[in-house]
Amino acid sequence: MNGATGTPTAGGQSARPRPRRDWGEAIITRLIQLSGYSAVVFVGLIFFFLVREGLPALVDVPLRNLFGTRWYPIEGYFGVVPLLTGSLVVTVGAMAIAVPFGIGTAMFISEIAPRWAREVLKPLVELLGGLPSVVLGFLGILVLSPYLRQLLDLPTGLTALAGSLLLGGIAVPTIVSIAEDALDAVPRSYRDAALAVGATPWQTMWGVTLPAARSGVLTAVLLGMGRAVGETMAVMMVTGNAPVLAVRLASIVSPVRTMTATIAAEMGEVASGSPHYHVLFFIGMLLFVISLLVNVIASAVVFRQRSRAERVLS
Amino acid sequence: MRTARSLLVISVLLVGCGSAPASAAPGHPVEFIENRGSDTLVNLALAWAELYQQEQPEVRISVSGGGSGVGLAALINGTVDIANASRQIKPEEAEQAQAHGIRPTEFVVARDAIAVIVHPANPIGRLTLQQLSDIYSGQIKNWSEVGGEDRPIVRLSRETNSGTHVYFLETVVRLGQKDNHTLFSTDTLLLPSSEGIVSEVRQNPNAIGYDGLGYVPPDLKVIAVSRGVGEAYVLPSAATVNDRSYPIARDLYMYTAGEPTGVVTAYLEWILGQEAQQVVGKLGFVPILTGAQP
Amino acid sequence: MSVSGSPAAAPASDSRRQFRATSVRRRRVQRIGFAWLSLMAVATVVPITLVVLYIVQQGGPAISWEFLSGLPSDGMRQGGILPAIVGTFYLTLGTALFSVPLGVAAAVYLAEYAQENVLTRAIRVAIINLAGIPSVVYGLFGMGLFVLFLRFGTSILSASLTLSIMTLPVIISAAEEALRAVPQAFRTVSVSLGGSRWQTIARVVLPQAVPGILTGVILGLERAAGETAPILFTGAAFFLPRLPNSPLDPTMALPYHLFVISTQVPGMPLQIQYGTALVLIVFVLGMNLTATVIRSRARARRQW
Numbered sequence: 001m002n003g004a005t006g007t008p009t010a011g012g013q014s015a016r017p018r019p020r021r022d023w024g025e026a027i028i029t030r031l032i033q034l035s036g037y038s039a040v041v042f043v044g045l046i047f048f049f050l051v052r053e054g055l056p057a058l059v060d061v062p063l064r065n066l067f068g069t070r071w072y073p074i075e076g077y078f079g080v081v082p083l084l085t086g087s088l089v090v091t092v093g094a095m096a097i098a099v100p101f102g103i104g105t106a107m108f109i110s111e112i113a114p115r116w117a118r119e120v121l122k123p124l125v126e127l128l129g130g131l132p133s134v135v136l137g138f139l140g141i142l143v144l145s146p147y148l149r150q151l152l153d154l155p156t157g158l159t160a161l162a163g164s165l166l167l168g169g170i171a172v173p174t175i176v177s178i179a180e181d182a183l184d185a186v187p188r189s190y191r192d193a194a195l196a197v198g199a200t201p202w203q204t205m206w207g208v209t210l211p212a213a214r215s216g217v218l219t220a221v222l223l224g225m226g227r228a229v230g231e232t233m234a235v236m237m238v239t240g241n242a243p244v245l246a247v248r249l250a251s252i253v254s255p256v257r258t259m260t261a262t263i264a265a266e267m268g269e270v271a272s273g274s275p276h277y278h279v280l281f282f283i284g285m286l287l288f289v290i291s292l293l294v295n296v297i298a299s300a301v302v303f304r305q306r307s308r309a310e311r312v313l314s
Numbered sequence: 315m316r317t318a319r320s321l322l323v324i325s326v327l328l329v330g331c332g333s334a335p336a337s338a339a340p341g342h343p344v345e346f347i348e349n350r351g352s353d354t355l356v357n358l359a360l361a362w363a364e365l366y367q368q369e370q371p372e373v374r375i376s377v378s379g380g381g382s383g384v385g386l387a388a389l390i391n392g393t394v395d396i397a398n399a400s401r402q403i404k405p406e407e408a409e410q411a412q413a414h415g416i417r418p419t420e421f422v423v424a425r426d427a428i429a430v431i432v433h434p435a436n437p438i439g440r441l442t443l444q445q446l447s448d449i450y451s452g453q454i455k456n457w458s459e460v461g462g463e464d465r466p467i468v469r470l471s472r473e474t475n476s477g478t479h480v481y482f483l484e485t486v487v488r489l490g491q492k493d494n495h496t497l498f499s500t501d502t503l504l505l506p507s508s509e510g511i512v513s514e515v516r517q518n519p520n521a522i523g524y525d526g527l528g529y530v531p532p533d534l535k536v537i538a539v540s541r542g543v544g545e546a547y548v549l550p551s552a553a554t555v556n557d558r559s560y561p562i563a564r565d566l567y568m569y570t571a572g573e574p575t576g577v578v579t580a581y582l583e584w585i586l587g588q589e590a591q592q593v594v595g596k597l598g599f600v601p602i603l604t605g606a607q608p
Numbered sequence: 609m610s611v612s613g614s615p616a617a618a619p620a621s622d623s624r625r626q627f628r629a630t631s632v633r634r635r636r637v638q639r640i641g642f643a644w645l646s647l648m649a650v651a652t653v654v655p656i657t658l659v660v661l662y663i664v665q666q667g668g669p670a671i672s673w674e675f676l677s678g679l680p681s682d683g684m685r686q687g688g689i690l691p692a693i694v695g696t697f698y699l700t701l702g703t704a705l706f707s708v709p710l711g712v713a714a715a716v717y718l719a720e721y722a723q724e725n726v727l728t729r730a731i732r733v734a735i736i737n738l739a740g741i742p743s744v745v746y747g748l749f750g751m752g753l754f755v756l757f758l759r760f761g762t763s764i765l766s767a768s769l770t771l772s773i774m775t776l777p778v779i780i781s782a783a784e785e786a787l788r789a790v791p792q793a794f795r796t797v798s799v800s801l802g803g804s805r806w807q808t809i810a811r812v813v814l815p816q817a818v819p820g821i822l823t824g825v826i827l828g829l830e831r832a833a834g835e836t837a838p839i840l841f842t843g844a845a846f847f848l849p850r851l852p853n854s855p856l857d858p859t860m861a862l863p864y865h866l867f868v869i870s871t872q873v874p875g876m877p878l879q880i881q882y883g884t885a886l887v888l889i890v891f892v893l894g895m896n897l898t899a900t901v902i903r904s905r906a907r908a909r910r911q912w
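Listed in order, the protein sequences are those of chains A, B and C.
Numbers 1 to 314, taken from the working numbering, label the letters of the first sequence in order.
Numbers 315 to 608, taken from the working numbering, label the letters of the second sequence in order.
Numbers 609 to 912, taken from the working numbering, label the letters of the third sequence in order.
Just so you know, the hints here were simulated from the structure itself, not pulled from any lab data.
Among the clues, some could well be false.
Computed, partial: chain B to chain A, Cβ under 7 Å [what the hints assert, rightly or not]: (1) 380; (2) 384; (3) 387; (4) 466; (5) 474; (6) 475; (7) 497; (8) 501; (9) 502; (10) 503; (11) 504; (12) 517; (13) 518; (14) 549.
Just so you know, even glycine gets a beta-carbon here, dropped at the ideal spot from N, CA and C.
In isolation and in its complexed conformation, chain A is listed as follows (with noise of 0.2 Å):
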């Protein structure tokens, strides 16, 4: 290797130096490394902007309001709590939905299914992945919520449940998908030793497999959950957007709101610069740190995995 170019002398040519090409490789050089810094930049940017803005709504709004019950910003109430609970309300519901099916499917389409039903499901699932969440929202107020009503006797439809519904389809195609490819890189060794010894492929695939896969099937459901907390134009439109404390088990059937929603629909409103504005960045600092705690402690759970991996199979 030559130098910094790494360009090896030829046997029996001498060197010729070239110095043009060496300094515009130096420059594209030095390019990609900036384009690869980037993606820290921009966090630190997006962190730093949410911290900037979101900050002083510590100051300008007493906690015991900022932490309170009641959320309506025209009189000055600005109890993020009642966000929270909306927001978790309908995101354990979405995952609760999502992660049988999801995970139910992507074994299906792993473990049992021909070679012929996995090379349609899985690209058709991957495709209906891609639908935009604004269309089911409009299918959810004009399809899902009048059903809901009837069905289950509601007041109205416009409910956390009708919200999970649709977050739920929303957050299945992504842990089907990545789950999907976690079952199948566990080695074929693996099942074939366990059908050796006398295992049916039902327990094979929920005694071996799967465990084995886990890392891969836990980073699926949480990006799928970080797909749902994530969701604002699906909840904006179904879940009735009332400040609700949901806390009761009868919650998942009232009206909610999330913090999603709540920037959306007000963020337009706001004179810059006012407390409204910061409390508003404030609840955008929140989910910013959610989504990252969901991110941290996935990355943690997948290093511990394959290190352990690693130690095993050495």
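Let chain A serve as the given structure and place chains B and C on it in line with the hints.
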């Protein structure tokens, strides 16, 4: 690589096609007016913009909704020429405007009645302001308490950034009393638009909602409102707004930053004229010129 | 071989019977389990497919050349949705312009240049985090930075920049994977023939990775085209009298247009709403299909 190149060619062509109609009108300098704000006003503003642009092709007006709060905030931030509002500018907003060096100038461009709507099968046809206030603040929870069927009341409202919401809060929930601090009940559904309210009321017999008269389709039932027990129950209409017998009526505003200039002045003058006010009546609002009623 | 644990001392026929009983039971459990999983898979795929088909059925009648190429009129209750279609196209193009060079370059850095150190791990963590940020937070950030701070205003520029940052993680991940999939042998041969690192990357590795990168780009752009929240405060307009002339103009866009006509405009004919939804779906799913086709074709034509 070849497909990538052909994709690039196609996209360039499309871009070319896209900008062609826009540059088709030669010679005239194009003036652009940005108009944003109240969702109550947005369809009216749109109708005005369409009509005006047919007569004055060298003026281009872009219209956006978002709520009265959105429009006024945009005016303060300096990103629009005209802000539409279905309520007056709040003192805090006026202060903010001052802080940004802007003096908001108010124009009354139309009047509006807030209609209270219920499902067509709902037997209730009239309510007093006090009853409405109690319903929306959560004190009355069941239709049977006001003489209707035994059904829970589902309250629908516009979002807090809506001028309609603020107006309803002040005039109905707080009965117009300045020191009244009653709030909407927390389980009031805050829907992001008028259509949301309409579609929910249309299919939910438990629902009660409110919105500008111009947004209420004929298949919904409108409640007659009275100022108090013993007073007349009045249905909203252009007539009852102008003679002030309907208690929930309001002015609709357009705000500019300081005195308007140039094309904005011409546009606002046109809006306050006969032709534009006839459009007001056609859309279900109340014209400010008595002679312009259809 | 019986897992049920019958002791070896039991008579042979007895243990054989137990074995058969257990395996019959296990096979029944498996059959039920398989049926149940199949049902789940069907329940996952069928409803969403029905949704798409329903929209096609309801929206199909609205589609015509006038609908696709005309401007909206009568308060957008009639006419066409050309501005929204063109707007979405511009936004997608703008997003591609910013996110593709940056994303591919970042992927090249990660795959070819970066060493396994703290900085690289930080970059990877940052990418995962960018991918998880809610779209409305991007909208918030975009408004704060591009619209207000940098004074680009509500414009195609602001919206495209916001969408680009959102799309970056998808492109970087897909591109890095595509680059890594190229066998090391390619690089070694190139270097042994006298190529510099950059020459190797630009002329050997990248061309091989193009299909994978393209797939990632298209999937990323597909998401950008369908998103509403990031463009709400950064570029979307309710109604524009003409098509945008410059990147500093606001624009209509399909997702926002669908949101607006389904929630803001009274008396909007249902057919137009479904028609708009259909156009949006076709646009987005079309991109998805393209990406899938490219991916499978590339896999077939792969030289390793």
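* To do: Of all the hints given earlier, name the ones this structure violates by number, lowest first.
  => 14
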